[in-house]
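Trainee: So the chains spell out like this:
Protein chains: 2
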Amino acid sequence: MSTNRNMRAGAPSQEEIRRQNLGALLRFVHERGQISRAELTSELGLNRSTIGALTADLTEAGLVTEEAPRETGRAGRPSLVVRAMSESIYAYAVSVEVDQIRVARIGLGGVLLDQRSIPRPRGSIAGTIDPITTFIKQMAGEGRCVGAGIAVCGMVRREDGMVHLSPYLGGAVDEPIADSLRERLPELLPQVAVANVADLCALAEHTRGVAAGCDNFIYMYGDVGVGAGIVAGGHRVTGHGGYGGEVGHMVVNPVGRPCGCGSKGCWETEIGEHTLLKLAQSTDIGAQAVLAVVDRASRGDHIAQAAVRQVGDWLGFGVANLVNIFNPELVIFGGTLRDVYLASAAQVRSKLNSIALAATREHVRLRTPALGSDGALIGAAELAFQQLLNDPLA
Amino acid sequence: MSTNRNMRAGAPSQEEIRRQNLGALLRFVHERGQISRAELTSELGLNRSTIGALTADLTEAGLVTEEAPRETGRAGRPSLVVRAMSESIYAYAVSVEVDQIRVARIGLGGVLLDQRSIPRPRGSIAGTIDPITTFIKQMAGEGRCVGAGIAVCGMVRREDGMVHLSPYLGGAVDEPIADSLRERLPELLPQVAVANVADLCALAEHTRGVAAGCDNFIYMYGDVGVGAGIVAGGHRVTGHGGYGGEVGHMVVNPVGRPCGCGSKGCWETEIGEHTLLKLAQSTDIGAQAVLAVVDRASRGDHIAQAAVRQVGDWLGFGVANLVNIFNPELVIFGGTLRDVYLASAAQVRSKLNSIALAATREHVRLRTPALGSDGALIGAAELAFQQLLNDPLA
Numbered sequence: 001m002s003t004n005r006n007m008r009a010g011a012p013s014q015e016e017i018r019r020q021n022l023g024a025l026l027r028f029v030h031e032r033g034q035i036s037r038a039e040l041t042s043e044l045g046l047n048r049s050t051i052g053a054l055t056a057d058l059t060e061a062g063l064v065t066e067e068a069p070r071e072t073g074r075a076g077r078p079s080l081v082v083r084a085m086s087e088s089i090y091a092y093a094v095s096v097e098v099d100q101i102r103v104a105r106i107g108l109g110g111v112l113l114d115q116r117s118i119p120r121p122r123g124s125i126a127g128t129i130d131p132i133t134t135f136i137k138q139m140a141g142e143g144r145c146v147g148a149g150i151a152v153c154g155m156v157r158r159e160d161g162m163v164h165l166s167p168y169l170g171g172a173v174d175e176p177i178a179d180s181l182r183e184r185l186p187e188l189l190p191q192v193a194v195a196n197v198a199d200l201c202a203l204a205e206h207t208r209g210v211a212a213g214c215d216n217f218i219y220m221y222g223d224v225g226v227g228a229g230i231v232a233g234g235h236r237v238t239g240h241g242g243y244g245g246e247v248g249h250m251v252v253n254p255v256g257r258p259c260g261c262g263s264k265g266c267w268e269t270e271i272g273e274h275t276l277l278k279l280a281q282s283t284d285i286g287a288q289a290v291l292a293v294v295d296r297a298s299r300g301d302h303i304a305q306a307a308v309r310q311v312g313d314w315l316g317f318g319v320a321n322l323v324n325i326f327n328p329e330l331v332i333f334g335g336t337l338r339d340v341y342l343a344s345a346a347q348v349r350s351k352l353n354s355i356a357l358a359a360t361r362e363h364v365r366l367r368t369p370a371l372g373s374d375g376a377l378i379g380a381a382e383l384a385f386q387q388l389l390n391d392p393l394a
Numbered sequence: 001m002s003t004n005r006n007m008r009a010g011a012p013s014q015e016e017i018r019r020q021n022l023g024a025l026l027r028f029v030h031e032r033g034q035i036s037r038a039e040l041t042s043e044l045g046l047n048r049s050t051i052g053a054l055t056a057d058l059t060e061a062g063l064v065t066e067e068a069p070r071e072t073g074r075a076g077r078p079s080l081v082v083r084a085m086s087e088s089i090y091a092y093a094v095s096v097e098v099d100q101i102r103v104a105r106i107g108l109g110g111v112l113l114d115q116r117s118i119p120r121p122r123g124s125i126a127g128t129i130d131p132i133t134t135f136i137k138q139m140a141g142e143g144r145c146v147g148a149g150i151a152v153c154g155m156v157r158r159e160d161g162m163v164h165l166s167p168y169l170g171g172a173v174d175e176p177i178a179d180s181l182r183e184r185l186p187e188l189l190p191q192v193a194v195a196n197v198a199d200l201c202a203l204a205e206h207t208r209g210v211a212a213g214c215d216n217f218i219y220m221y222g223d224v225g226v227g228a229g230i231v232a233g234g235h236r237v238t239g240h241g242g243y244g245g246e247v248g249h250m251v252v253n254p255v256g257r258p259c260g261c262g263s264k265g266c267w268e269t270e271i272g273e274h275t276l277l278k279l280a281q282s283t284d285i286g287a288q289a290v291l292a293v294v295d296r297a298s299r300g301d302h303i304a305q306a307a308v309r310q311v312g313d314w315l316g317f318g319v320a321n322l323v324n325i326f327n328p329e330l331v332i333f334g335g336t337l338r339d340v341y342l343a344s345a346a347q348v349r350s351k352l353n354s355i356a357l358a359a360t361r362e363h364v365r366l367r368t369p370a371l372g373s374d375g376a377l378i379g380a381a382e383l384a385f386q387q388l389l390n391d392p393l394a
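Heads up: the sequence lines are chains A and B, in that order.
Just so it is clear: in the first sequence, position 364 is 364 by our numbering, and no numbers are missing.
Just so it is clear: in the second sequence, position 3 is 3 by our numbering, and no numbers are missing.
Excised from the complex, chain A in its bound form (with noise of 0.2 Å):
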């Protein structure tokens, strides 16, 4: 049963069905790469006139191309095969973190064609505006730019792709960050949009990666702060004003630390970087310095194991909450929440078996993300690549 709000009310005209098709046509090239004429009429369900129609719509546009497959081993005349233009149709993706900048160039069909990164510059989220116009200025290929997409691990207002908030980028408030790089390359960024670095890598995992054809998944996104993408019934959770998902200010500890949110006991104080780093008595801070806790671990440091395991116990505690408001079938640890995850799994699990509903948790499954840490990247380019896909000769 769906709710009666989003319901198209009257029929479609014949103009948006085509762009509906061509659309729908265009989503599965870029999804799988590529994939044959015959596939697609089934996918469809659209004969086998139109198909052919509407890729020759899309080969002129210079969108796709079609080729004859390899040799298949079967009888008959083999189906054409559809492929998007990689190398010439792509998008720029960005991803502003607590520790680095990365810069990517990523073609339809989400091939990674070229990449670049920095240590982040100490300072407001401004001053990264310099390295990014920098970087997509090397990289600027031959073909069509359809923009640039922006993952920041900040909150991001729906509305205009305002960061609103975001402490461990040196306290933004309210930074025009899409703008600004829209505004200093005008000619090569025809648009830039701009989302929450969880909400992004979930977007990818779903796109392509561990999450795709699963409807119900949260992506747990952590380094020194934790937020999560959330996709219920096939559809992003994001909130009234794009600021869902903060499940890192899920108070869990009322006897616990003060958080930087000005609250305490937030899940993020047990389960962030900073925490894990200081019970392992780690003088380090970072990404490097997590994954150095987690071999000292996995060598049989005991105060590194200790660490582990106790930051271990608050993950599967807050993921068993999570569990009982969502029923996901999938929970993705991501950033360094990756290797947290990989090195507490037996923790997080007992956690979730004591504390979630035996029908809430029965079918979930605990995975890291196929993508890896080039989620962020992928998401930021789907992104940018939506407009091209809702309407592909726009």
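Source of the hints: derived by calculation from the structure; they are not laboratory data.
Please note: incorrect hints may appear among the correct ones.
[What the hints assert, rightly or not] DSS-like mimics (lysine-lysine), calculated; alpha carbons at most 30 Å apart, straight line:
#1 B:Lys278 to A:Lys264
#2 A:Lys264 to A:Lys278
#3 A:Lys264 to B:Lys264
#4 B:Lys278 to B:Lys264
#5 A:Lys278 to B:Lys264
We have chain A already, so just place chain B on it with the hints.
Mentor: Frame of chain A, contents of chain B only:
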């Protein structure tokens, strides 16, 4: 940006378009009770002759009727008003609660035509079938019954409507309540559907209550247990198996009381009826006892006041967590939580403000249900009407 999995791939046929338009038109009439042809033309984005033809089809099927409007005071020929045939097209709505069983007959348009209730028989949920069957037979009316919807305060498996576990309903495990009722009344009930009471209250308030037009909201339903009906981005959050929204088992107090689920410190151990009544030194149980405590508090009874304040603090604490996760625009307090919230609104708001992030709570309104305790019945009827609304002439 929508996810890509739920996209309609191919274009709809003429027959699908007609069914879609008939459903959309009937849904407007059902939600509003009555609506003019002019409003339908504008809301559906269809031309007047199409609206006329669709209305004629629905009139012929006995679902709606058309009549001249009352005096409009405006010049020109007034637009005909389309009304739901509420007296002759109806559903049975059943609510199986901890204290009582309620059964109603509800007409298309959401009109409560008749209602009965009795205290719930002790023992398993199977023992409720007899009184429900009796009530339905007593209320049988003229016209066409589309079926029955059942609201239960338990977890309901989406796949087949089995009531999976309901510790406060005699510990029902996999009770086929819908099938049992259907088998008892095969001629009266063409279909029987069942869902969780919080989900159905949310559906009712979304369709014709305080959440109308609201795409991100949480309906908190509380009695002995606590659950939530959640709508995010206009879509219901029910999870992979249908068990989502079990917010009462979010652990809020790791050092708290044992919960019936086997865990401890669950939210419902802090805000459920049993705790309030115990804190208030009440020896009664049930909704009337909760009202009595709230009444004592309002008349200056210190013990009752302290109990209400403590429960209100925990209510606000958990709501703050949900607000950080969902960034809703509205939280509704129903069941006995309605009265607890009204008596402790200051505590709830204060905790919300001190725990939730400024951005996620910025636009949150806290409200009580517009439909009061009828929500469960109205929602159960909505469930029963879905099939008709999706395909009115089937």
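Trainee: Hint by hint, note whether the structure agrees.
Mentor: Checked hints:
For the suggested pair B:Lys278 and A:Lys264, the alpha carbons sit about 28 Å apart, so the restraint of at most 30 Å is met. As the CA atoms of A:Lys264 and A:Lys278 are separated by approximately 17 Å, the hinted pair is consistent with the 30 Å bound. At most 30 Å may separate the alpha-carbon atoms for a hinted pair to count; A:Lys264 and B:Lys264 meet this at roughly 21 Å. A distance of roughly 17 Å separates the Cα atoms of B:Lys278 and B:Lys264; the hinted pair therefore holds under the 30 Å criterion.
A threshold of 30 Å between alpha carbons decides the hint, and for A:Lys278 with B:Lys264 the separation of about 28 Å falls inside it, so the pair holds.
Figure legend: structure checked against the earlier numbered hints; every hint is met.
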